[in-house]
Every structure is written in C-alpha cells, then in structure tokens.
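*Asks:* This is what each chain is made of:
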Amino acid sequence: KNQVEQSPQSLIILEGKNCTLQCNYTVSPFSNLRWYKQDTGRGPVSLTIMTFSENTKSNGRYTATLDADTKQSSLHITASQLSDSASYICVVSGGSYIPTFGRGTSLIVHP
Amino acid sequence: KAGVTQTPRYLIKTRGQQVTLSCSPISGHRSVSWYQQTPGQGLQFLFEYFSETQRNKGNFPGRFSGRQFSNSRSEMNVSTLELGDSALYLCASSLAEHGYEQYFGPGTRLTVT
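Going down the list, the protein sequences come from chains A and B.
Start counting the first sequence at -8; every next residue gets the next number (the working numbering).
Start counting the second sequence at 339; every next residue gets the next number (the working numbering).
Any given hint might turn out to be false.
[To be verified] Among chain B residues calculated to face chain A with C-beta under 8 Å, some are:
| # | residue |
| --- | --- |
| 1 | Thr376 |
| 2 | Gly380 |
| 3 | Leu381 |
| 4 | Glu439 |
| 5 | Gln440 |
| 6 | Gly443 |
In case anyone wonders, no lab produced these hints; they're calculated from the structure.
C-beta: ideal position from N, C-alpha, C; glycine also.
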C-alpha cells in the first residue's frame, strides 16, 4: 500500500531560526514529489515539485531535497518568519499519477 | 489572471440529501482534480477530469461523482450524504492532464448534520 509519512507532526520554533521537515514514502513506481504549504482555512500552495532525477529544488527560503534510493525527502526552511506558520504537506504521485498525501507537519513560528 | 474559484464556500446539508459543488479553473487550464480534506484522514484524492473525461479516480464510493464541461468548469456531486462526508472539498486546476503543477481553490466547507 502506498504511504507517505511526515515528521514531526508539529513543530514550534522562534522567528529567524531554521527548521527541517521530513517525508518518507513507499509509493512505487515514483512519478513526482511535491511540498505544499497550507494556511488555516485556505487551499494548499505549491512550494516545490521534484521528479526522480532531481535531488534539490529551492523556492526562496524553502529548499527541498529528494533521495529516491531511500525514498526520503526533506523541506528546509531558512530564517523562518511569522508567516511561515502553516501546515506543510508532502505529496507523492506514483506511476498512475494518483497522489498520496502525508498528514502534514504543523509549524508554528513564535516571535 | 483569476485563480481557481469554488462555489459555494460553505454549505450545510442533512443526512440523506445530495449536494453539488462547483469549481472554475484558471483560464486556460484543462485539468481539474478534486480532493477531500478531513481532520481524521487528511487530504485524499477523489478524481481528475481532463477534456471532459475522468482520467483518474481515488478510493471513494460511487456516491461521489463528478463531471467536467466543455469550458473546463467542473462539478462534483455527493448523493445520500453521510455525517462522515463533512469535510473541506478542494479542487485544483492545471494546464495538462496529470498536472505537474496544480493550483488549488479555497475549498467548499461541507457540514452534514
């Protein structure tokens, strides 16, 4: 069964600090992996998208890495801001392009 | 360019009723996907439509159905509503089938009583 596991479930950090969120998956075959940011009460917004051949992708202060061999991905947030407080969701699509979603990491950034 | 719009934004229905939700994709986008988001299950894929044809379907009962019109607008229907259908229903549009980059709408919050 295709699964996507994210850790930690929740995280609290101080403004200006860095943090790293983890995503492990069992989806096979692999098509692509996406990281989304979802603010409370709003639809998800795409941060990064990676295919099998990509191992790093950046979007401003957000940097995602992918290790297709170990089926792990991470999302690193640099110099966190209050507006980074949100849920971060990892999504993996397989050969059929049906996406499997992780449960998300809830990030709270305190001033 | 206007984003993805969903109507209505909020809806309250009674068990046993049916409901229709609407999604207008970004202009030029031909693919529309639907998702259900609940606190218990998180985000789950319902189905994807491209050029008025269902291309993919998630693991949901037949009470959940959808369609896409020639202008790419899409509707999803849930019949015989159950309490467990209470959720945020999100649609996302993309340029192509199996959209590499999807843009989500704000969602429709459905409450079944």
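*Asks:* Please write out, lowest number first, the hints stated earlier that are contradicted by the structure.
*Replies:* 1
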